[in-house]
Amino acid sequence: MEIIISNSSDKPIYEQICMQVKNLIMNGTLSAGEALPSMRVLAKDLHISVITVQRAYEDLTRDGFIETVSGKGSFVAAQNKEFIQEEQLRVAEELLQKVAEIGRAHGISYEQMTNILKLFYEE
Amino acid sequence: MEKNNILVRDLCKQFDEFLLDHVSFQVPKGRIVGFIGENGAGKSTTINLILDELKKDNGQIQIFGREHTSSSVKEDIGIVFDECNFHDVFNVSDIEKILSGVYKSWDSSLYRQYLKKFKIPERKQIGSFSKGMKMKLSIICAMAHKPKLLILDEATTGLDPVVRDEMLDLFLEFIQDEECSIFFSSHITSDIQKIADYVILIHQGKIIFEEQKDDLVYHFGIVKCGREKFASISPNDYIIHRITNVSVECLVRDKEAIKRKYKDIVVDNATLEDIMLFYIKGGAA
Numbered sequence: 001m002e003i004i005i006s007n008s009s010d011k012p013i014y015e016q017i018c019m020q021v022k023n024l025i026m027n028g029t030l031s032a033g034e035a036l037p038s039m040r041v042l043a044k045d046l047h048i049s050v051i052t053v054q055r056a057y058e059d060l061t062r063d064g065f066i067e068t069v070s071g072k073g074s075f076v077a078a079q080n081k082e083f084i085q086e087e088q089l090r091v092a093e094e095l096l097q098k099v100a101e102i103g104r105a106h107g108i109s110y111e112q113m114t115n116i117l118k119l120f121y122e123e
Numbered sequence: 001m002e003k004n005n006i007l008v009r010d011l012c013k014q015f016d017e018f019l020l021d022h023v024s025f026q027v028p029k030g031r032i033v034g035f036i037g038e039n040g041a042g043k044s045t046t047i048n049l050i051l052d053e054l055k056k057d058n059g060q061i062q063i064f065g066r067e068h069t070s071s072s073v074k075e076d077i078g079i080v081f082d083e084c085n086f087h088d089v090f091n092v093s094d095i096e097k098i099l100s101g102v103y104k105s106w107d108s109s110l111y112r113q114y115l116k117k118f119k120i121p122e123r124k125q126i127g128s129f130s131k132g133m134k135m136k137l138s139i140i141c142a143m144a145h146k147p148k149l150l151i152l153d154e155a156t157t158g159l160d161p162v163v164r165d166e167m168l169d170l171f172l173e174f175i176q177d178e179e180c181s182i183f184f185s186s187h188i189t190s191d192i193q194k195i196a197d198y199v200i201l202i203h204q205g206k207i208i209f210e211e212q213k214d215d216l217v218y219h220f221g222i223v224k225c226g227r228e229k230f231a232s233i234s235p236n237d238y239i240i241h242r243i244t245n246v247s248v249e250c251l252v253r254d255k256e257a258i259k260r261k262y263k264d265i266v267v268d269n270a271t272l273e274d275i276m277l278f279y280i281k282g283g284a285a
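The listed protein sequences correspond, in order, to chains A and B.
The numbering of the first sequence is the numbering used here, which starts it at 1 and goes up by one.
The numbering of the second sequence is the numbering used here, which starts it at 1 and goes up by one.
Worth flagging that the hints you see were computed from the coordinates, not collected in a lab.
None of the hints are false.
Which bits of chain B does chain A cover? Going by a derived footprint, with three or more residues having C-beta under 8 Å, they are: (1) 20-34; (2) 167-179; (3) 195-207.
Derived pair list, reagent style SDA-like, types lysine to any residue, alpha-carbon separation capped at 25 Å: (4) LYS206/B to GLN193/B; (5) LYS11/A to LYS263/B; (6) LYS29/B to GLY71/A.
C-beta: ideal position from N, C-alpha, C; glycine also.
Extracted from the complex, chain A is given alone in its bound form (with noise of 0.2 Å):
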């Protein structure tokens, strides 16, 4: 498992693993049942602290990613893919009506507004 620490991100590092992982999930490198490193091991690994491991893991356990097993380790839950991109979508979706709402009570362009979408994608 590949998780790549940015210790100049704004970003704190427990939500910087939490979406990495979720990330490997829905584009398949992990699959499921498969088996995460252990919380201690992972901490060691990244050279962090073992709380700050265990906060991802738990997020990810909250979201519904991994399940937990005591004693046996976390593992990649098995979960539908294409449900969890269509509740994502449905976010989204409300946040982009709020885009709009904004976009057009203040004279914004459509462009403008998608080349910042896009800017956000590439970034």
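Put chain B on the given structure of chain A with help from the hints.
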């Protein structure tokens, strides 16, 4: 089941001009706890009391859930001080002969394995070792009798960055066993910022805070603004402020909340060192 390897409650010790004042904290199993403070704040006194090298005046110290007095507890503690206490004429084999007699659980193969890993010369006299090498040897010796608790007093101070990094690796290796924990004092906060789970700040014999490191690093912040702007900030929103010739700086507990409440304000991330300096120096610039 006991969840702490060290539990200290209301620990007091009076010296002529120094008082360790109702110190309380804990070191949970499987965790690394960093103990920070300036020189003379009471770090070594606290550690010496925990190790029973000093007699406490008052309070409670539990190690592995027991009020300790017995030597059987010491078998399970690995200790490293900031100086190497081995005699100059010895080599690593002499050290092993002595320590394997002291500790029942001395693990010779583990000792050899660590010596190899950290490239400690086997035949040279310790007197000819560099400071970093001596310190590595001290830490290896503390770990070779397989303790459950490692206590380090300024052990990484004075080591170069490469060796300090190797040490951090060794510490994280040590807590792969969830029963083990590390309590380490330092005034080099960057090491603690990297690997500690909890941070305790002591100042003038009193515990100032005991917090999860991530909460400190990700939530605390430093507001920087002019005097005029500062007047508009409610005193409830910051912990300490200091006024310099060019600006006002305040330490805040929740930087995101501050950013939301006050517009056009600079809020910087706070390192452990920044936080420590704010608490210790207080309002003084």
